[in-house]
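Asks: Residue numbers (numbering that gives the first Met the number 0), protein chains in the order written: chain A, 0 to 132; chain B, 0 to 132.
Just so you know, the hints here were simulated from the structure itself, not pulled from any lab data. Some hints could be false.
Identical chains share a label here; the pair holds if one copy fits it or two copies do between them.
[Said to hold, decoys possible] BS3-like mimics (lysine-lysine), calculated; alpha carbons at most 27 Å apart, straight line:
id: 1; residue 1: Lys-16; residue 2: Lys-64
id: 2; residue 1: Lys-63; residue 2: Lys-130
id: 3; residue 1: Lys-124; residue 2: Lys-16
id: 4; residue 1: Lys-16; residue 2: Lys-63
id: 5; residue 1: Lys-64; residue 2: Lys-130
Remember, predicted model here, so these are calculated numbers, not experimental data.
There are 2 protein chains.
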Amino acid sequence: MNALTDEQIGGVLGLLKFDANGLVTVVVQDFASGSVLMVAHANREAMRHTLETGRAHYWSRSRKKLWLKGETSGHTQQVRELRIDCDGDCVLLKVEQVGGACHEGYRSCFYRVERDGAIVIAEEKAFDPGKVY
Amino acid sequence: MNALTDEQIGGVLGLLKFDANGLVTVVVQDFASGSVLMVAHANREAMRHTLETGRAHYWSRSRKKLWLKGETSGHTQQVRELRIDCDGDCVLLKVEQVGGACHEGYRSCFYRVERDGAIVIAEEKAFDPGKVY
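Using the sequences and the hints given, assemble the complete structure.
Replies: Dropping the structure here:
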């Protein structure tokens, strides 16, 4: 995704329906593999930064601050495609993920899967979280 | 996914962190293509029904009721895989989608995509919503 102009950014933001907390839900998918990597939230400012820079920004509900994904870990997300759902309250980002999306060291936050009625870990760690956080 | 026993269902539900409204976020992905189809919410009862029947159930926040996906349209979702994210507040369902997931007639709710700074419709309709709702 190329960086958007102010006018283009205004057009995209105008289609979004931010909730009572000023947030949209963001689903993040690996551009190459199609794996769902994580779910996060973005306010208007985070969406603007994403659209201006082409790098995924979110709003951290726990830390209550704008969050450039990868600012600590280096595990940035370059946005290759942006989609908006029918209601305008969810955004889908297809990204090139450096390292892993999950703070626990996995490529995807969805590393736990149901198998025969039990929830098991289905993936190898992509990095050692103790070394990057 | 096979229907789970009561004990297995209790095990899965015990890993989920329902929010202040008693909900988890559910991301729904096409099992065959990997396309993200929709984002919805589930309460404990909806998750239990999904795990018992293998068919996706949600909690409709607008109608404030349990919702078997496809109960009106016939566009049901057979769950083939269930994943839980690291925080336990998001569930990923990989489903076999009959017809389309979107009430506007598209296969996916994410039928709008950014192209050269504008948001455009990227998909053909899969069905006529006037005929199924």
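Asks: If you test the structure against every hint from before, which numbers come out violated?
Replies: Structure breaks no hint.
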